[in-house]
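Put chains B, C and D on the given structure of chain A with help from the hints.
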Amino acid sequence: MTTGDERKDAIGYAFTAPYILFLLVFTAYPLLFSFYLVFHSWDLITPPEYVGLKNFYFLMHDTDFWQALLNTLIFLAIHIPAQVVFSIMIAMALAEKIVAKTFFRAAFFLPVIISGAVVTILWAKLYSTDTGIFNQLLGLAGIAPVKWLTSTSLAMPSIAVMATWKNMGFYIVLFLAGLLNIPAHLYEVSKIEGTTRWQDFWHITLPLLRPTMLLVVVLSTFGAFSLFIEPYVMTGGGPLNSTMSVVLYMYKHAFLFQHMGYAATIGFALAAIILLVVLIQKKYLDSD
Amino acid sequence: MRTIFFTILFLFFAGSSGAIELTYWTSSNPEEIELGRLLVSQWNQSHPDVQVKMQPIPATQSSEEVLLAAIVSKTTPDVCSNILPAIMGRFTKSKAVLALNAFPDYEKVVIGRTGSKLADLFRSRDGKLYQVPWKCNPVMLVYNTAIFRALGLKPPKTYSDFSKAAETIAADRDNPGRWAMAVSIKTTWWQRLFDFYPFYVAATGGRTLLCNDSAAFNGPGGVAAMTFFRDGFKKRYFPMLGFSGNIFLEGKTAMDVAGPWAIKYYRRLKPGFEFDFAPIPVPDSYKGPVYTYGDPKNIVIFATTKYPKQSWEFVKFLTSKEADLKLLELTNQVPMRSGIVSDPFYGGFFDKNPLLRKAARQAQYVVPMDESQHLVQILDIISGQFEAAAVYAVITPEKALAIAAKKTQALYDYW
Amino acid sequence: MKKLALYLILICAAVSFIYPFLWMAFISLRSVGDAGAGSFLSSFFTLQNYKAVFMEIPIGRALLNSAIVALSTTASVIFFSSLVGYALAKLRFNGRETVFMIVLLTMMIPGQLTLIPLYTLIVRLGWIDAYPALIAPWMISAMGILIFRQTFISIPDDLIEAARMEGCGELRILTSIFWPLSKPAMVTVGIITFMNSWNEVLWPMMVVRRQEMMTMPQMITTFSVGGQSGGELGVEMAASMLLIIPILAAYAFFQKYFIEGIASTGIKG
Amino acid sequence: MAKVIFEKVVKRYPSGDRDTVRELSLTIDDGEFLVLVGPSGCGKSTILRMLAGLINVTAGKIFIDGKDITRLHPKDRDISMVFQNYALFPHLNVYDNIAFGLKMRGAPKKEIDDRVREAAALLGIVPLLHKKPKELSGGQSQRVAVGRAIVRRPKVFLFDEPLSNLDAKMRTQMRAEISRLHRRLKATAIYVTHDQCEAMTMADRMVVLHDGVIGQCGTPHEIYSAPRNTFVATFIGSPPMNLFAAQAVCEGAASGLKINNFVLPLPPLTAARLEIGSKYTFGIRPEHIYLADRVPPGVNSSVPLACEVELAESMGNDVVLHCNSGGLAFQASLKHDFPVKSGDKINVVFALDKSHVFDEKGERVA
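Chains as they are written, first to last, in the working numbering: chain A, 1 to 288; chain B, 1 to 415; chain C, 1 to 269; chain D, 1 to 366.
No lab work stands behind these hints, which were simulated from the structure alone. Note that CB positions come from ideal geometry on N, CA and C, so glycine has one too. Some hints here could point you the wrong way.
[What the hints assert, rightly or not] Keeping only pairs whose Cα atoms sit at most 27 Å apart, straight-line, the calculated DSS-like set for lysine-lysine is:
1. C/Lys2 - A/Lys191
2. A/Lys101 - C/Lys3
3. B/Lys157 - B/Lys287
4. C/Lys51 - B/Lys264
5. D/Lys258 - D/Lys354
6. A/Lys101 - C/Lys51
7. A/Lys147 - B/Lys186
[Stated by the list, open to error] So the derived label-pair ranges between C-beta atoms look like this:
8. B/Thr75 - A/Pro48: 17 to 25 Å
9. A/Pro207 - D/Thr172: 48 to 56 Å
10. D/Asp167 - C/Lys2: 48 to 56 Å
11. C/Tyr19 - B/Ser160: 49 to 57 Å
12. A/Pro48 - B/Asp126: 18 to 26 Å
13. C/Phe253 - D/Thr172: 44 to 52 Å
14. C/Phe54 - A/Leu279: 46 to 54 Å
15. C/Ile18 - A/Pro207: 29 to 37 Å
16. A/Pro207 - D/Arg12: 45 to 53 Å
17. C/Ile68 - B/Thr75: 15 to 23 Å
Only chain A is shown next, with the shape it has when bound in the complex (with noise of 0.2 Å):
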């Protein structure tokens, strides 16, 4: 037995041991296997078949895929910023002197403890065209009913709506944390200085909230390619493919079709595309 230091050494790696065990077989070994697969075609049964660039050059040509992406993008598009904004305006009426101030940010909170299975099933049936909710809203207000789910251009943004509204509790409780963290003797400066409470909130809310707002954005663009379960329970990618998110096709190649090689390269190039969407957010929204 020794002491002091070379003891710790050894324990430092005894302790260490199962987690670097565990990044080499469901990290590094998966990260390798990747690289492995996109040069292959492999269908789990015959053996990997050697295929060079193929599969990035199909995946060049491949409408579906680019499709799926377009798609994906749109979700972004929609979900964050109406996350965002959403999520800032709850937050900033959180933060005011209210009562009742747990119960509603538990009430806000709820919907991000549940299953996404779950919000998904129950929203299917209040986007549902005959008996769905809003649409039975709508018809009181003597609308006619949308199609919420089946008609191509309203069928993402509807699930965007959902998975805003999913996520949205998360997002609050992230600002509200920003919120509170502004010093109040700001707005006691800008108090005396007179300016309105909409020049307080560009001036001085937004610059300062913007660590939140980075951290918000890019978990939400992390949340948002993972889209997957929503289509999935939803529309199964339709209608015309308009819900096919990026990594439902990746599924459908793996699991439908057992081209393993070629979703791996699927997912290779939407881990490049966070990549580069993650980086080009944090230019942005980080510069100073």
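Okay, now just chains B, C and D, sitting in the frame of chain A:
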């Protein structure tokens, strides 16, 4: 008490004396499970040395997926009787199944039962036969006889007949909002096996989707079938919404497309429901026998078996004359046995079940699907184009089928 | 006046967040006959939808599977992540900083990249339709390591030294000193892990095919999408309720930790 | 019970450019209360931690009771330690904190209970047993920490600056209490502090450390009255000893030290050890400087030195005068029984038999 004891004792010794155990997978629908149980218990009683253990394939996933996963993990059973012939390409490619030609009495058994014409449809490209043709479910038009009677309609034979019938149904003032036929707008690949594909097969006089690894479906027959559905959706013969439950059973549509397996299903869900089968409608100009998709399911012996001989004996037992009668009786599906309609052995059954006589007659004019590793994907492509051309009518049938053909071609070009 | 508008907005928003779940609970308790449209309290409540769920699909088994998977994943993440977090925070060894960098780096890898190879790995390991497939790849979390490291670093070294003097080995120090002192971190990591594991649906759909091995969300998704529910709204909603009740109970119990823990780490599934 | 021996112990930290502890050899007798004192960074805590087993020894050996414990785990050395920040486990109450070590060693419940209560009674903390550490004051926490240390009845007690977080009054009180406790337990104790006052009052023997080496080891009195070098001389004593650069000169028959512009005659015994012409350091403690007209009887004083009081710091009983005599600055500590204020001109004398002379290297000459 004592008998139980001795039984257990017997089973114990029987077990330890090295009785062979075979695993047999069946489809998971209740009728086939019942059939499987019956046949297996008969077999086990008469073959104490070769005991068969039956297990239904889990219901939630498609059988194909389960079987592929089993092949990957080398946990395939000895015998399986729920094989979609179209998927066989991948099984043979991965050497997962036994070539049955190896058994000396194979010719006698398989050709003797099925007839060489039908058996040849299931012959692999290398000329060998890996599957025993077992049963089929000719996909046919099924109609609500009560509605047809009330409106004075006859089952439509051609597209024009169909239109006329549909107009009559739509004009029925007593039942507003009733549609002519249920067609799914879902794009899951196998949905097309109950709309586009059988209509395509019928319109082309029995052609399949592919010909020499290349799309064959974008000819006049395919366009005709696609146009039929496009017009149907356009004229609201088919409901264009995602529906739950069986709207045909509920009387919301007058027709549906289904195989004879539906007979038991309908009777179970709605006793007293009146329906009848008819051949799939064809284009007005079509002459000749009406073919359809047969939805065949075959039996294979997996290469993982340790007891090929015993397995083969069991397969022969499953396809025996008596077993085929049980198949008819319990599942209302049609054995792929030539001359079954005229065989007096089955005559009694058919007399009692005229619907199945129809199905058995249709079974003489069925085709399977092509054997291709890309089949699922090709059906998925067609499904997408079906949605575009027929359901939403955003492109013409010709264009849709051309795109589908091009995408199919790309599959063969790249992989 | 302004306050009034504020409350009006908040109440409307809160209603829109809670109403769907109330509706779901309501539908699940309503007798089959009048599923569909209708107002609250229009009929009496019944448990027949729940009975139907148990009759139609092996939901009990799915509940058990989900519980096994979520609980063992959570226990494992807490144990192993705190082990690594302790080493990174309090033990000195060569390569410690490298390991920490790796932990941070792995958090940046989009999961989509490794999903397919991970699946093929599971196939090769023969873990399809088995618990290890659902548990093993999620046994240690980088997020957990990070949270534990940050928490542990603020615990004074004195306590470790005192414990060593008093006869503790390192594992003992972790379990009987650091764990009790980091309850909020443990609860945070625990509930985030439990929630993610309980709600996960894509991964089980990839590695589980046999119905007996399905987890709750997967079972309910296939039940709903696969049409097994036969379009019976009440049954579908009852199945969904069974999925959310455990997490709601956990939420009610740990509400404070749930929100604050997640806010402080900025991490979710 | 236990004799502790350090044998040429070296400690080098991987990051450090030189040894923190250099070839330390030291024997601590059974039952002795040894204080390690020195400025921060002198290596005193390192020595303690090496003995505790909390850090490893680079070279050399440590023995307890003749047994080489250099590479044993802390728990196998039979020692206990009181930490500067008390290091009480915040999640355990006082009772469990004290009982912790016994529990870890699997002692029977009954025995644990008896011993904990005994220790608590000894320290007067019985009413606190069910409190959590955060409810305790500093003094109470320290008592609990001591309780945790004594309950196991180890061979050696280690104290790592245990009183430095307490306020002055509490410190004095605890100081006395620890001393009393030590007399009662008669265990070997090693006490680290940077506070010379604690060292002087508590130690049987003290070790003044400087840059990883022992400056001097001896009883507090030895170290006070005969510091071995200028470091020890200035480190021990408050206010610190005055040191003047000096040169040995011979003026007539008597030799003396020339400091600044005056010559200090030395007693012959001292003078004999000096080499004329060499440079020396002359040291005199402030308390050994007297007003020329108030020299107590029996003091061998020097000739009066005229100086100006630049600052008079009254300490109540004493007054510390900051004096300047023609550029020579020094401090004198006088009994506060006469009026003196800044700016006054006074004459002082040095008590020559209490003076110290160090050579150029700073080593004691006389």
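Structure-based check of each hint:
1. Of the pairs offered as hints, the one joining C/Lys2 and A/Lys191 holds, with about 18 Å between alpha carbons and a cut-off of 27 Å not exceeded.
2. Taking the CA atoms of A/Lys101 and C/Lys3, the gap is near 14 Å; set against the 27 Å cutoff, the hint holds.
3. For the given pair, B/Lys157 sits about 11 Å from B/Lys287 by alpha-carbon distance, which is consistent with the 27 Å threshold.
4. For the proposed pair C/Lys51 and B/Lys264, the alpha carbon gap of about 26 Å is at most 27 Å, so the pair holds.
5. Restraint check for D/Lys258 and D/Lys354: satisfied, since their Cα atoms lie roughly 18 Å apart, inside the 27 Å limit.
6. Proposed proximity of A/Lys101 and C/Lys51 is contradicted: the alpha carbons are some 38 Å apart, above 27 Å.
7. For the proposed pair A/Lys147 and B/Lys186, the alpha carbon gap of about 16 Å is at most 27 Å, so the pair holds.
8. In this structure, B/Thr75 and A/Pro48 meet the distance hint of 17 to 25 Å, their C-beta atoms being roughly 21 Å apart.
9. Taken as a hint, the range 48 to 56 Å holds for the pair A/Pro207 and D/Thr172, whose Cβ atoms sit roughly 55 Å apart.
10. Under the hint 48 to 56 Å, the C-beta atoms of D/Asp167 and C/Lys2, about 52 Å apart, fit the expected range.
11. In this structure, C/Tyr19 and B/Ser160 meet the distance hint of 49 to 57 Å, their C-beta atoms being roughly 51 Å apart.
12. Separated by about 23 Å at the C-beta atoms, A/Pro48 and B/Asp126 satisfy the suggested range of 18 to 26 Å.
13. About 51 Å separates the C-beta atoms of C/Phe253 and D/Thr172, a value consistent with the hinted range of 44 to 52 Å.
14. Range check, C/Phe54 to A/Leu279: about 50 Å between beta-carbon atoms, so the 46 to 54 Å window is met.
15. About 34 Å separates the C-beta atoms of C/Ile18 and A/Pro207, a value consistent with the hinted range of 29 to 37 Å.
16. The hint said 45 to 53 Å for the Cβ distance between A/Pro207 and D/Arg12, and at roughly 51 Å that hint holds.
17. Separation of C/Ile68 from B/Thr75 is about 22 Å and conforms to the stated range, judged on CB atoms against 15 to 23 Å.
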